[in-house]
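Sequences and hints are given; from them, build the entire structure.
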Amino acid sequence: MTDVNSLDTQNALSFQIKKSPGYSLNTFVDTVKKVISDYAKTTTNLKFIETLSQKESIQRTYGLFMENFRETALLVFCIILLFLGFRSSFLILVSFVIVYLANFIYLKAIGYSFNNIVSFALILVL
1 MTDVNSLDTQ
11 NALSFQIKKS
21 PGYSLNTFVD
31 TVKKVISDYA
41 KTTTNLKFIE
51 TLSQKESIQR
61 TYGLFMENFR
71 ETALLVFCII
81 LLFLGFRSSF
91 LILVSFVIVY
101 LANFIYLKAI
111 GYSFNNIVSF
121 ALILVL
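Residue numbers (our numbering): 1 to 126.
Just so you know, not all the hints are guaranteed correct.
Heads up, simulated DSS-like pairs for lysine-lysine below, C-alpha to C-alpha not over 27 Å straight-line [claimed, not checked]:
hint: 1; residue 1: K33; residue 2: K47
hint: 2; residue 1: K41; residue 2: K18
hint: 3; residue 1: K47; residue 2: K34
hint: 4; residue 1: K55; residue 2: K18
hint: 5; residue 1: K55; residue 2: K41
hint: 6; residue 1: K18; residue 2: K33
hint: 7; residue 1: K33; residue 2: K55
hint: 8; residue 1: K55; residue 2: K108
hint: 9; residue 1: K55; residue 2: K34
hint: 10; residue 1: K33; residue 2: K108
hint: 11; residue 1: K18; residue 2: K47
hint: 12; residue 1: K34; residue 2: K18
hint: 13; residue 1: K108; residue 2: K18
Just so you know, the hints here were simulated from the structure itself, not pulled from any lab data.
Okay, structure coming up:
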């Protein structure tokens, strides 16, 4: 999508760039920034401004998911340790981690990406 606008009383041209499903957002944003940076070196009369990127939001969500994963694993370990002992709690903790990793491998194999729905489904199932 392309729009012709004005920014600070100067003409502006805006582009909306979307990634393809299954492609890494981090790689995509870094590639677009590199291409724009390379192009900006060849043109001195144009100014490039990034107005919106979801990269930081997605990284923050992923960080929160990993934090919740660690807390959940620790909580499960402590509760099982309290009622069933160390051996059972250790085996369940290892199984918990293996199931999560297997889910990510399976999602990658079938072409799904990690998002809030997948995160909620994993938490609900486990």
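How the hints compare with the structure:
Restraint check for K33 and K47: the C-alpha separation of about 13 Å stays at or below 27 Å, so the hint holds. Between K41 and K18 the CA atoms are separated by roughly 24 Å; this keeps the pair inside 27 Å, and the hint holds. For the proposed pair K47 and K34, the alpha carbon gap of about 15 Å is at most 27 Å, so the pair holds. Distance check on the hinted pair: K55 and K18 sit about 12 Å apart at the alpha-carbon level, within 27 Å; holds.
With a C-alpha separation of about 24 Å, the suggested pairing of K55 with K41 holds against the 27 Å cut-off. Taken as a hint, the K18 and K33 pair is honoured in the structure, with Cα atoms around 13 Å apart against an allowance of 27 Å. Among the hinted pairs, K33 with K55 is consistent with the structure: their alpha-carbon atoms are about 12 Å apart, no more than 27 Å. For the hint pairing K55 with K108, the CA-to-CA distance comes to about 19 Å; that is within 27 Å, so the pair holds.
Restraint check: the Cα-Cα separation between K55 and K34 comes to about 15 Å, which is no more than 27 Å; the hinted pair holds. With a C-alpha separation of about 25 Å, the suggested pairing of K33 with K108 holds against the 27 Å cut-off. Taking the CA atoms of K18 and K47, the gap is near 21 Å; set against the 27 Å cutoff, the hint holds. Our distance criterion of 27 Å between C-alpha atoms is met by K34 and K18, whose separation comes to about 16 Å.
Between K108 and K18 the CA atoms are separated by roughly 20 Å; this keeps the pair inside 27 Å, and the hint holds.
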